[in-house]
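Sequence lines, in order, name chains A and B.
Numbering-wise, the first sequence is residues 23 to 334 according to our numbering.
Numbering-wise, the second sequence is residues 712 to 987 according to our numbering.
Each hint should be verified, as a subset may be incorrect.
[Stated by the list, open to error] To give a feel for the contact side, a few chain A residues facing chain B, derived at Cβ under 7 Å:
| # | residue |
| --- | --- |
| 1 | C46 |
| 2 | E52 |
| 3 | Q55 |
| 4 | P81 |
| 5 | R82 |
| 6 | P241 |
| 7 | P245 |
| 8 | I246 |
| 9 | F292 |
| 10 | A303 |
| 11 | G304 |
| 12 | N306 |
| 13 | P326 |
Hints listed in this document are in silico derivations from the structure and should not be mistaken for laboratory results.
Fair warning: this is a prediction, and the values are worked out from it, not measured in the lab.
Backbone N, C-alpha and C fix where the C-beta goes; we use that ideal spot for every residue, glycine too.
Single-letter residue listing:
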Amino acid sequence: MTPDLSVSIGSLTLPNPLIAASGCFGYGLEYEQVVDLSSLGGVVSKGLFMKERQGHPPPRIVETPAGMINAIGLQGIGVHRFVKEKLPRLREAGARTFVNVCGTTLDEYVEVCKVLSQAEGVSAIELNISCPNIKEGGIQFGCSLTGTFDVVSAVKKATHLPVIPKLTPNVTDVASFARAAEDAGADAVSLVNTFLAMAIDVDTRRPKITNVLGGLSGPAIRPIAVRMVWECYQLVKIPVIGMGGITDARDVIEFMLAGSTAVQIGTQNFVDPFIWSKVIAGLNDYMSRHKVAKLSDLIGAFDPTPPKAGHA
Amino acid sequence: MYHTRLMPPVDIDATVIANARLSRDYSVLSLAAPEVGKRTEPGQFVMVKPAGVTDPLLRRPFSVFEVLRNPAGEITGVSILNKRAGRSTNKLYELDAGDVVSCLGPLGLPFKPVTAPTEAWMVAGGVGLAPFATLAESLAASRTPATLFYGARTAEELFYLEFFQNLGVKLVLSTEDGGRGIKGRVTVPLEDALKTVGAAGAMVYACGPEPMLKAVAQLAARYQQRSQVSVERVMGCGLGGCYSCVVPVKHGDENANLVRSCISGPVFDGAELIWE
């Protein structure tokens, strides 16, 4: 029997739970030469404002232990050029396209979503209320419960598309933000965005990236992200899309056990752009060894019974 | 964007055939990656890291130095010219035959070729020699007259001179300490040559430190010659996904003027780049 890897996020059914994370996959088309975009559960675009954005001057990334700090600054082509130049080609490639929407004001979020609602080939909207790297980049919504509620409510009124706010981990209690999003009508939440971080060059005493502060991603953050997904899963009924340092199928399973319906892979795609088929093979292998017919049966199937003492 | 004729990259867990330490800082790492070698064009690069580790996590970009062949002439892999500059390059310097690295490539846009009677002038600074071994081979194959202006810190850091001589490349050497060739920067003999360039002109290819690239591009322009420069930026993915390796250009294909050096480069028309 072929294992069933499909998962559902509201009305949306994905053939598998693997989604390429925003900011880590360009506009998707860059990766056409190494991966069949239709084989992924979904592709999240780079963050888009109404207008083009230049981003921060380089250097924009620095590697840290088992991770990296980035402050790209949301360089992007703007929603109109995306709809005109990228979306038709993504449709042609069979991608299920999630568009990451940014705004400096509540009105801008609404306007970008309206443009996307009229376009063909958008599967869902991921609301970026959590980018740590730019001033006025949505984080003021993502760090306030009422701000989160207000922006999700406003966007839900403006579009028929599923709305998935992406939450920041740089708050005391991320689950309360998932709850606020749910109360406002969000169809799902995705988490975590990057952890605010910095790195100093001790020889020059200067920052390692131009923006000084940036977002930490990669395997280093995985255990914190798993904990946050688990906290959200316990508090809300809408699907949770988990991410943070996933490198292989076992990491995917861990996020699903903690309550993720689907997962996003970001930094590891830089390390290994051929990761997708390897993870799918790994999921199939896990399911046959553990006699799991439906992958979605694992969502939240974490067993909190304490582990046995002794050797791991 | 990609030329249609370029082959898509492959990712190979490549065994280290040899790691020849040329000096305290430089080594030539030879990798068993025939599929990468077969697809490589001069000026393209590979993303490399020791396999199966999270330190380093990300790969680092290296120009393909040589396309390796066996005695029968079949392509067996590629080499990279590695200079120790940080954690990752230190680890690569310490690898031995039999170790395994992840090698993704070839990536990026290659040098645009030039043919006689126009001459090809390659300008290399230090580790910037890397893309010119394969370019010199292709110039030799097309019988294009070629000169290598090659600058290094010391005479001990001038490598592979015989390789270029055997291809019929004219060598113009310079060292910062005057230990061999002209004392000083490689741009000094380059400017002397530009003053007397023939009517058919020269295409100036350059790779090396950014101030050198800027000086070469500006010199070439001053003497009405075209240039192609290979830039190096902190790079995350090599495929256009992360937007970390951007460079400012006069006519960008995407956002205003910041383009990704991994897919719109690493080779750029020297007159197109905006120098800081």
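Hint check:
1. Residue-level restraint check for C46 of chain A holds (minimum Cβ-Cβ distance to chain B is 6 Å; threshold 7 Å).
2. A distance limit of 7 Å between C-beta atoms decides the matter here; for E52 of chain A the minimum to chain B is near 4 Å, and the interface restraint holds.
3. Interface restraint check for Q55 of chain A: the shortest CB-CB distance to chain B comes to about 4 Å, inside 7 Å, so the restraint holds.
4. The interface hint given for P81 of chain A holds, since its Cβ lies 5 Å from the closest Cβ of chain B, which is under the 7 Å cut-off.
5. For R82 of chain A, the interface hint holds, since its Cβ comes within 7 Å of a Cβ in chain B; the closest pair sits about 4 Å apart.
6. For P241 of chain A, the interface hint holds, since its Cβ comes within 7 Å of a Cβ in chain B; the closest pair sits about 6 Å apart.
7. At about 14 Å, the closest approach between the beta carbon of P245 of chain A and any beta carbon in chain B exceeds 7 Å, and the interface hint on this residue is violated.
8. For the restraint placing I246 of chain A at the interface with chain B, the shortest Cβ-Cβ distance is roughly 16 Å, beyond the 7 Å limit, so the hint is violated.
9. Hint status for F292 of chain A: holds, given a least beta-carbon distance of 4 Å to chain B, under 7 Å.
10. Annotation: interface hint on A303 of chain A violated; nearest CB of chain B at approximately 15 Å, more than 7 Å.
11. With a least beta-carbon distance of about 15 Å to chain B, the hint placing G304 of chain A at the interface is violated under the 7 Å criterion.
12. Here the hint on N306 of chain A is broken, as its CB sits about 21 Å from the closest CB of chain B, past 7 Å.
13. Interface hint status for P326 of chain A: violated, as the beta-carbon distance to the closest one in chain B is roughly 28 Å, over 7 Å.
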